[in-house]
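One letter stands for each residue in the lines below.
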Amino acid sequence: MQVENVVIPLASCMLVTAFFIVESRRLRTSAYSYIAQSSLLVGVFLSVASLIPEPHFYIWAITAAITKVLIVPWLVLRTIAKLGVEFEEKPVIPTIPSYIADFSLMILGFWFGFNLPLPILKPGFRICFGTSLTLMFLGIYGMAGKSCAIKQTICLCHLENGIHLLLATLAYATPITVEVGILTDAVLAIAIMLYLSTLIKRVSGSLSTYRLSSLRW
Amino acid sequence: MIVEYVTIVVLPLLMAITSIISYLVGYGRSLKITLTIVYGFMLGWSILLTSLSYLGITLSAFGMEFRVDALSSIFILTSMIIAISSLIYSYHYMEYYALKHGLKLKGLGLYYSLLTITILTIYLMAISNNAFILWVMVEATTLTTAFLVGYGGYEGALEASWKYLLLCVVGLTTALYGTSLIYSYIFDITGNPYFGILFTDIARHVKIIEPTTLTLASIMILMGYGVKAGLAPLHWWLPDAHSEAPSPVSALLSSIIIGCGSYAILRWIWALSSVFNGVIRAIFMVIGLASILIGFTSMILQEDLKRMLAYSSIGNMGVISLASAYPPIGFAFAIMHLFNHSILKASAFLLVGDLEYRYGRRSGLHGVISDAPILGFSLLVGILALEGTPPFSAFYSIFGPLTAMKNPSITAIYLIGVLIGFIAITHRFIETAWGSRRNLPTNENYPRSMLIIPIILILITLILGLYPNPLLKICGGGFTR
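Chains as they are written, first to last, in this note's numbering: chain A, 5 to 221; chain B, -6 to 474.
Chain A on its own, in the form it takes in the complex:
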């Protein structure tokens, strides 16, 4: 079986979850969509590992499962419960233009993924690369277009799924210490953002980062 035959359905499902992560107004739905996306990411690694003789992909699958399916969602859901918030703050971009932006970014991500002149990328890995770029674009869009601190954090988690996929695509043979370092940074960044979200809510009474406007750009 070809790598792309397995990766295409999984990558497509990841994009569907990406849409829910970014667009769902309920924070818990976003968080659960993130868990689904991370599980699909683990699925991509396991599928590739079973098709090509690269044991590194099993390590990537294990680390993704521990950090992205267990630790990060637990941190996010715990903060949501602690703050007692159900819905995100009013987003900056209205719903319909936001949907249009999501689909445009998906097209852009895949266009780049398939058209960047990178001869090292084999066909199956092109799909992974395109998906990783799309997840990154949508993550950045979510962080800029949403005003809720928790939602921005979930979008960062989503962006980091894109990075994880990219690293596994391009740099899967790096030593384990490198991977551990990158993932530790990712988990710590999310933990710190969630802690800051709690402080923002306590100080300003809201999770909206756009209401914090004491400083000038």
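Do not rely on the hints blindly, as some may be mistaken.
DEER-style ranges, computed between Cβ atoms [said to hold, decoys possible]: (1) B:Ile26 with A:Thr188: 31 to 41 Å; (2) A:Pro123 with B:Gly37: 17 to 27 Å; (3) A:Leu120 with B:Asn400: 24 to 34 Å; (4) A:Pro57 with B:Phe55: 23 to 33 Å.
A partial selection of chain B residues facing chain A, derived with a Cβ cut-off under 8 Å [said to hold, decoys possible]: (5) Tyr(-2); (6) Leu45; (7) Tyr47; (8) Gly49; (9) Ser53; (10) Phe55; (11) Met57; (12) Phe140; (13) Leu151; (14) Leu159; (15) Ser173; (16) Phe180; (17) Asp181; (18) Thr183; (19) Phe188.
Honestly, the hints are just simulated from the structure, not real lab data.
All C-beta atoms, glycine included, are put in the ideal place defined by N, C-alpha and C.
Guided by the hints, dock chain B onto chain A, whose structure is given.
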């Protein structure tokens, strides 16, 4: 062997233990003594490492995973000078800051713990020869300093911290993409996973990378680390974070934290030197010039002195980026400016911290010299030194790159930018120091000993300006392998 062992194992362990102790013991006299001894030892060791680089000795260990050459040693020395300066200055300043923002004095242990972790991550970044570990450590400095920026816990500090964290974490992602592309290409062709990881190996194999991939990866690396360095147009986080952080943290941020971004860029130029031309070089020059113009012209509109200094940092990072595009001479001046700017900008932030301590504000001040002559005079001298006035060492690093620039248009734009910066900042600080004195409430508890550290920092650049050869020699060795 013993030097390598201490540099790579003992010192990081010592800092990690000190950080844990700071958190557990809490703030007090014993903690101050412990921290001063540890930071003093670190500074002493960094002088030893720089001396070895001066003699042309490069240290390496663990299969070249760690390596200390002239570029690393000068950055370690800079970091340790700033670290001990911020530490000693913090003893007085942070007590005032804690009182002002209703924080517990005992809780300052966390502040010193985070400060030490930050220095540890910077140190590990500087000694790492591994491109991915360098990225991990640059990201780690962002995480630890985000806490320090928001330490006051008020709305402005939290906003600055949030903006800083969000922009730097996202920006640095781009650098990881670039690093992965280069790694992947070299690994694909050579089959050896280490050839694409270690800078020394990347430098040897970079020519096999297909030009489009290399250009794309270089742009990503520059953009990613450029966010951290505060290079335009990705500099939005910098003025807020630098102005809202406590002054010793602003000193750290505006010197060695943004310096981490510049260091990473310089290290990559070092590794890519054999292919550093054409489009890649042009992009470095454009971004450098844009930062110079945007950073220095934005200073004109600023009332807040810390915000003004922050914009000055953007311009100065532009100077480093532009100079580094002209290796090997410009590259040496870029390293030298990284050193000079760090020392003088830290001094300027600490002096503004003194103003804040004494007058409770950092804008709308006039006639400081008539009220506090040493403070006012130091402020003026520090700013003139920062802007490249002789005989201070920043004179060489600001005007030195002109010797490497061959294009008159670039030279003209560069000089116009530097001149705008000079006029904007000196005008505001002359007004602050010399203008007619207004009756402002003063804090009589202001300890004059807080002036010692910034004055020492200015004196260091004065001595190195009068005797520039050692610094020039070490920086000149930064480009050699």
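query: Does the CB of B:Leu151 sit less than 8 Å away from some CB of chain A?
result: Holds, about 5 Å.
message: A range of 24 to 34 Å was offered for this pair. Does it hold for the Cβ distance of A:Leu120 and B:Asn400?
response: With Cβ atoms ~31 Å apart, the hint holds.
Satisfaction of the B:Asp181 interface hint, Cβ to chain A closer than 8 Å: holds (5 Å)
query: Given B:Phe140 as an interface hint, is the shortest Cβ-Cβ distance to chain A below 8 Å?
result: holds (7 Å)
- prompt: Can we keep the B:Phe188 interface hint, with Cβ of chain A closer than 8 Å?
  reply: Result: violated, 11 Å to nearest chain A Cβ.
- prompt: Minimum Cβ distance from B:Gly49 to chain A below 8 Å?
  reply: Not OK, violated: B:Gly49 not within 8 Å of chain A, min 31 Å.
- prompt: Can the hint on B:Tyr(-2) be confirmed by a CB-to-CB distance to chain A that is less than 8 Å?
  reply: violated (19 Å)
Residue hint B:Leu45, partner chain A, criterion CB-CB below 8 Å: Violated: closest Cβ of chain A sits about 27 Å from B:Leu45, beyond 8 Å.
- request: For the hint on B:Leu159, just tell me whether its beta-carbon gets within less than 8 Å of chain A.
  value: Holds. Min distance 6 Å.
message: Next item in the hint list is B:Thr183. Is there a CB on chain A closer than 8 Å to its CB?
response: violated (11 Å)
field: Status of the hint placing B:Phe180 at chain A (closest C-beta pair under 8 Å)
entry: holds (6 Å)
Given hint B:Ser53 near chain A, where the shortest CB pair must fall under 8 Å: Where the cut-off is 8 Å and the nearest Cβ of chain A is about 17 Å from B:Ser53, the hint is violated.
Taken one by one, the earlier hints fail for this structure at numbers 2, 5, 6, 7, 8, 9, 10, 11, 18 and 19, listed in ascending order.
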